[in-house]
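Chains as they are written, first to last, in the working numbering: chain X, 368 to 697; chain F, 2 to 370; chain V, 2 to 293.
Treat the hints loosely; a few may be bogus.
[Stated by the list, open to error] Listed below are the simulated DSBU-like cross-link pairs for lysine-lysine, each with C-alpha atoms no more than 35 Å apart in a straight line:
(1) V:188 x F:178
(2) X:427 x V:225
(3) X:405 x F:9
(4) V:280 x X:405
(5) X:605 x V:280
None of these hints come from the bench; they were simulated from the model.
Below are the chains, spelled out letter by letter.
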Amino acid sequence: MSQQEHIGPSTEELVVEAREALRDRVRRRATGLGDHFKREWQIYVLLLPTILWFGLFLYKPMYGLQIAFKDYSIFRGIDGSPWIGFEHFQTLFGNDQFLRAIKNTVIISFFTLLFGFPAPIILALMFNEILNQTYKRTAQTIVYLPHFISTVIIAGIVMTAFSPSAGIVNAVLEWFGMDPVYFLTKPEWFRPIFVGSGIWQEAGFQSIVYLAAIAGVNPSLYESAVVDGASRWQMMWKVTLPSILPTIIIMLIIRIGNLLEVGFELIILLYQPATYETADVINTFIYRQGLQQGQYDLAAAAGLFNAVVAFVLVMTANTISKRVSRTSLW
Amino acid sequence: MSGVSLDKIVKRYGALEVVHGIDLKIAPKEFVVLVGPSGCGKSTTLRMIAGLEEISDGTCRIGDRVVNRVAPKDRDVAMVFQNYALYPHLSVADNIAFGLRIRRTPKAEIASSVEEVAGILGLTPYLDRRPADLSGGQRQRVAMGRAIVRHPEVFLFDEPLSNLDAKLRTQMRAEIKRLHKRLGVTSVYVTHDQVEAMTLADRIVVMRDGRIEQIGTPMELFNDPVNTFVAGFIGSPPMNQFEAVVEMGERGPVAVANGARIALPALDSLRNAQGRRVIIGIRPEHASIEPMPGASAVPVELDLIETLGSEALLHSSIGETPFVIKAETGGDTAHLADVDAFHVAPERIKVFDHETGRVLGAARMGVAA
Amino acid sequence: MKMNLYSRGDKWFVIANMVLVGLFTIATLYPFLYIAGVSFSSGFAAAAGTVVLTPVEFTLAAYERVLSEPEFWRSYGNTFIYTFGGTAVSLLIIIPGAYALSRPQLIGRRFWNLFVAFTMWFNAGLIPFFLNMRDLGLLDSYFGIIIGFALNAFNIILLRNFFESIPSSFEEAARMDGANEFQVLWKVYVPLSKPAIATITLFCIVARWNGFFWAMVLLQSEDKIPLQVYLRQLIAELSDDEEFTSTLIDAAYSVETVTAAIIVCSIIPVLLIYPWVQKYFNKGILLGGVKE
C-alpha cells in the first residue's frame, strides 16, 4: 500500500519512539487512577456538595431509622438506645388508631385516584375542543394558578368557604331553605372536601401533560377523520383519546406508585379531633405521635412501615412502566 | 507548520476495537481527507488527533512532539464540528474570540485578531449578530473563524458541510479550498462524501472497518484503486463491477461474461489464467458509445436514459448484469436511444481478484522484468 | 388556521364544552375573588356571611390592621429570606452537581446517579429527618431551613437530563479552546441551559414561598417564622373562633377579614411572577421530569 510514500522515520527515531511508547504504557498502568483524578479533579469538586448534602440530610436519617427497633431515648441517642426488636411494630398493629390511619390512607388514596386521575384528562380533552384561542389561554392561565398557591392558603379558602357562619356554601344552602352544616366537624364530609379541594387545586396543572400529548397527535389523523365525516365528539373518542392512551397509562402507573403520598399537610390543616375518624392518615398519625407527643421510636416504626410499602409500590410501578413504555409511543 | 503522523494508532472501547492500528503521515501544509462509510473509524481517528478520544495504542505526533498524553488545548490544533458548536448566547465576535478569551489573550490583540479573521471570511458585517440570526453558510464560516483565529498548527474538520444544502455545500467547499491555499495550514478533513474528498484533498485516505484501504491523490484513487471497495467508493456514478471468467484470446487475455467477450489488459497475473474467475471494473466514463481502435465492443440492452444536460447516464445491462454508461450528449439525446453496445479500451479495464477483491498486477506484461 | 369543517351538531358540542370549561374556570377563580372581596369588607359583613363576591361595606380596615402588625412584616421578611436565600443555595449546589453527574468521565457515575435517584423512591420519613436536624443543631435556625431543604433528587435529575441533551461538541469545542471544567460549566453549559435553570429556579421559589410544614415543626422562635406559618396560626384562630361565633359584631375588621387580607398579601408576589412561570411550563419540562 502506498502509505510509505512519505519517507518513514529512521531506525533511530523508531527506537526512541518505541521506548517512549513503552514508558507511556507503563506510566498509564501504574498511575491510571491518580492520573484520572489529576486530570479530572474539577468534576469531583463540583459533585462534592451534592453528595455531602444527600449523605447528611437524606442518608444519615436512614441510619437513624434504626430507632424503629430500639427503645429510643433522647439522652442515650440513636446508638446508645437498647434494641427491642419488633416491639414497636407489635404495638402499632395492636393500635386501633394506627389501623384506622392505614384504612384512611387507603380510602383517601383510592378516592383521590378515582376522581382525581380522570379529572385532568377530561379537562385536557375539553381544552382541546375550544377553538377560540384567547378563551382557551385565559381559562388555562386561571386553572393552573391554584397549583402555585400554598397549602395554608388552600386550607384557609376551604375553611372560609365551608364555615357555618360566613361560608358561601352554607349561604347557598340557606338560600335553598336548608339548615347550615358545619362541614369540617362532620367526619362524613371530610373525604369529599379533601378530594374535591385536591382536584380544584391540581387538575388544571396536571392537564398540561395531556395537552402536550394531544399536541403531539398527527394533525392528518383529524383531517382524514373529517373527510370520513366524523363529528367532533367522535373524533375526541376515536382519535384524541386513543392517541394519548400511552401517556394516560404511564401517568396512571406513576400515580399508583405514589399511592401512599396523601397530601398530609392539607389534612393537618383541615382535620380536627372530631374528624380523625375519617381524616387521620399514616403521616398525620406519625406527626401527632412523634412530633407532637415525642414518641419518636414508635412514630419512626410507623414511618418505616409506610416507606417500605411505598418503596415496593414505586418499584413495581417502575418495572411495569418500563415494560409498557417500551412498547408504547411515549 | 507541523505535519501529523500516526503510528499504529488503535482505538478500543473495552474489548471492542474500532480502529486497528492506522499508519498515516501527513506532511506540513497538506490537506488530507479521511473518507469512508459511516462506522469506518474516520471520525474516531480525527478525534484521537484532536485529543477528544484517548489513544488506546500507538503514537500520535504533531510536528516532532508525541501528543498521546497532551490535553486537546495544548496540542495546538483547532477543530470545526459538524454542528458548528456555536454558542447561541454569544455574538459572532464573541464566538470567534471565545478561545482567545479563555487563554487570557490581551484585549487589543483579541480585537485585532477577530477583525482580521472576520475580514478573511467576509463576516465583518455580522460581528454583532447571534448565530441564530445567521444563514447556514454564515454559521459555517463563524465556526471556521473560531478555528482560524487561534493560528493553530493543524485544522481538523469533522464533516463540516453535512448540515448544508447541496448548493451551499459546493460553495463552501470551494471556500475551504481557497482558505487552505491562503493560510497553508495542515488540514485533516473527515467526510463520507467522496465528491468532497475528491475536490478538496491533496491526498485521500479511504477507510473501511477501522482500517485504511488506500492512500493517494484523488487521481491515483480514481485511476488505480487497489480493490473493489475503493473502486466502488470513489467516482460517481461508481465503477461498474461484474464477475467474469478469463480466457486466452488471440491477442491476450479476454473476459467472458454473459456471452460478451471483453479484451483485458495484458497483466502479469493474467498469464496462464485460463478459467480464472475475476471481477471486471469499468468506469462509466470509460465506456464509450463510439467505436475505438483496439477496443472491444460489448453488446448491451438499453433500459433507461437519465439526461443530465451535457451528459447522460445510460442504464443498460449485459445479459443480467446492470451496466451504466456515461455519454456526452452534445446537446442532443436522440442518438442515444439507438445505443446497443459500448466500447472499452483494454488499458481502461480494472481486473480484481474474485476472492480478495484486490486489483491484479499493476505491471503490464513486457514492462515487468 | 382552522377551517369551518364542522357540522351543525358539532356547534352545540362546542358551545356546551365552552360553557363547561367556563364553569370550571369560574369555580377555580371564584374563591380567590371571594377572599379578595372579604378582605375589603367590614368585619361585621364578613362574619355574617353576606359577602358573595364584591366587598360589602367597603373598608381598608383589615389591611390597616395587617400592615400595622409587626409580626406580619417580620414573617413576610422571613419568607423573603427563606425564598431567596434558599433558592440561591439550591442553585449553587444543584448546578455543579447536575453537571458532574452528566459527565461521562465521572468514575462511578452510575452509582452516584443512583445515590441521588434512590432518595426519590425511599426516604427515612418525618421522624428520622427531624431527629437528624436536631442532632445537627439546625432546629430553630434560619440556616437550618435554608440548607436542610436545599436539594431534591427531582431537580437534580431534571437538570442533569438537560445537560445530557446538550451536544457534546459544545463541550469539546470549548475544551479545545482551552476551557477547564469550571469554564465549560459556567461559560457554556449554564448559558445553554437557561430554560432548564429557570424552571428549577421557579420550582425552588414556589416551594420556598409556600413551604410551611417544616418551618412550623423546626422553628420555635416567633421572630423566625415565615408568612405561611404566621398565616396558619391566624387560620387556626379562625377555626377556634367558629365555636363561639364571632364576638366582633360591629368591628371594622374581624379574624376573617384580616386572614383574607393576609392571604391576598401572600398571593400577590406569586401573581407577579406568574406570567414568567407560565412561560416555562411546557411539554419538555414536565415530561423531562417524568422520565427519570
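Hint check:
1. For the hint linking residue 188 of chain V to residue 178 of chain F, the alpha-carbon distance of about 32 Å falls within 35 Å, and the restraint holds.
2. For a cut-off of 35 Å, the pair hint linking residue 427 of chain X to residue 225 of chain V stands: about 26 Å separates their Cα positions.
3. Restraint check for residue 405 of chain X and residue 9 of chain F: the C-alpha separation of about 27 Å stays at or below 35 Å, so the hint holds.
4. Note on residue 280 of chain V and residue 405 of chain X: the hinted pairing is violated, with a Cα-Cα distance of about 43 Å set against a maximum of 35 Å.
5. Among the hinted pairs, residue 605 of chain X with residue 280 of chain V is consistent with the structure: their alpha-carbon atoms are about 31 Å apart, no more than 35 Å.
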